[in-house]
Amino acid sequence: MKQFLRKAALAAAIPLAVGVSAVGAGADTIRIALAETPSDELAAFFVALDRAKANGLDYEWTAFSDEELAIQAVLSGQMDIGFGTPYAAMQRSKAPLRIVFQLSKLKFFPVTTKKYSKLEDLNGEPILLHSRGGGTDSIANVIEDRLGIEFGERSYVPGSSNRVAALLGGRADATIIDLSNKNKLMRSEAGGNFNVLEMFDVEASDEALFGNLDWIQENEEQVGIFVSALASVWQDMHDDPTIIRRETNPDGPIGQLPAEILGELDGFYSDAVEAGLYDPNGGGRKAAMADMEWYSAAGQLDGDPSTLNIEDFWYLAPLDAAMN
Amino acid sequence: MPNRSLLLKILSAVILFGAWEIAGRVPVSFAFPTFLESMAALVRMTADGTIFTAYAETLKPLIVGVAISTVLGIAIGLWVGLSQFFDWLFSPIFIVMQAAPLAALIPLLVLAYGIGLTSKVLVVCIMAMPVIVLNTSSAVRNTPESMKEMGRAFLASDTAIVLKIIIPAASPVIFAGLRLGISAGFIGAILSELKITPTGVGDIITYSRSIADYPSMYAAIFSIILLAVLFLNLLEKIEVVLFKGNQRGYVSD
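Residue numbers (our numbering), protein chains in the order written: chain A, 1 to 324; chain B, 1 to 253.
Same shape as in the complex, but just chain A (with noise of 0.2 angstroms):
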């Protein structure tokens, strides 16, 4: 009987002691949900986790199949920091989520076959998008309300991929799809037959790095060397785009990538870079103000742009410190 109340001792003690060190390493590493599993696009983001690194920041990622997935789980606090822009999040819910860096803007584009050559000419005409509610979506919402016309049916097919392949495929004539889809649709002997329409710019974010305020107030050092990383590699990326392929980690994430991708990276940061995707300055005030003005427009945000405040959505501190 001893034996066995000894036994039952231990074993209770096993998963306690193994809980608490768990805790113990917790505290010290940050937790980042990734929004999607690691791909080209998502490299300039490593090479910046690895400069982090060096300057002594511990990190674990853990990648989820979509942005919302990765807004609840730091909703929940099961991930410290993570990726999207939960602008809608940020304002029904209680919770106290804070944006801290930019990471892409919303560069999309406007894709048909050549039965139309400007914006207007979709005036009633079906288009297909992204997700309900999604950003494709939003950019629609804001081409109807500048332009003053009103697309015909939305009908949803994700990942611009498959609209490109939709596309090709003659099930669409008109669609939204995102910088290296674009790319790659208009260099292939397909892209003749098919027009890329004049949009307007927009300055609004894609995706931006987030987490909870007051895991960011406690943890001010180890953001700030992450925020700090992050913009040392966006402006470095700005001078020369080739630094992301000549960084990456051979052994990291995008390292393990197939050659193929590797290759592209030169070409697809360059693109990237010239279209304006990545904003050197980590996007801060003005990044703020254009995403206020374009998720109310797009229906995300309720109430006047003017009314809302920066400090609702934004923690500049982190930034502003890495500029200077």
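In case anyone wonders, no lab produced these hints; they're calculated from the structure.
Treat the hints loosely; a few may be bogus.
Chain A regions said to be covered by chain B (calculated; three or more residues, Cβ under 8 angstroms) [said to hold, decoys possible]: (1) 91–99; (2) 128–141; (3) 214–226; (4) 236–245.
All figures in this text were calculated on a predicted structure; none of them were measured in a lab.
We treat Cβ as the ideally placed atom computed from N, Cα and C, and that holds for glycine.
Dock chain B against the given chain A, drawing on the hints supplied.
Same frame as chain A, now just chain B:
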């Protein structure tokens, strides 16, 4: 006490919804609404008709898929159960279908059948049909031999043996399979709307989530569960009417 089962049902609902309300008030997560908020969202969506437009869209693949799975599933199941040859021919297909990780195979379906209704109906069928076929065939195979022998002793034709002995004897297990199959069909319909193109209830779920309207999201999920439960209860009533006296305790309303 005639109303004891009703009372117990109400009690378990109160406990469940009470726990939900408490979890939402704690809150377990900022993304988890309370029960009352979700019900308010459900009432709002019902009042402005959103939920009906959504179901008009979701029920299409669901009804077509469940109808095909039921008719074809029971027919194939009977056939497989009655003949060794068809057992050998068809059973492996359905066993593979049942074991396949469907969510991972959806891109393949989209490749072959596009993003329209066909793919969604197929997802519902792949979820629903294997259980129906496999349950029906094993029920048919397990008809008591003595009953069939008695039929033959009374010079019944083969058709009469199938219709009057095998099917009634197999009915409880067939209906158990139908219940499992149809619940799987509901899962398939929502899965297809989340994974292929967001329409109907799947659209309410993804859209509400993307604008952080969590009460509406959980209201939509709640409504589909409610519909599935109501439908399964209806199925049970049908079973009682069709095969009175044959239920063997599988029924639990």
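Tested hints:
Counting residues of the segment 91–99 of chain A whose CB falls under 8 angstroms from any CB of chain B gives 5; the rule of at least 3 is met. With a threshold of 8 angstroms between beta carbons, the proposed coverage of the segment 128–141 of chain A by chain B holds, since 4 of its residues qualify and at least three are required. Here the segment 214–226 of chain A counts 0 residues with a CB under 8 angstroms from a CB of chain B, which misses the bar of 3, and the coverage is violated. Coverage of the segment 236–245 of chain A by chain B is violated [criterion: at least 3 residues with CB-CB distance below 8 angstroms; count 0].
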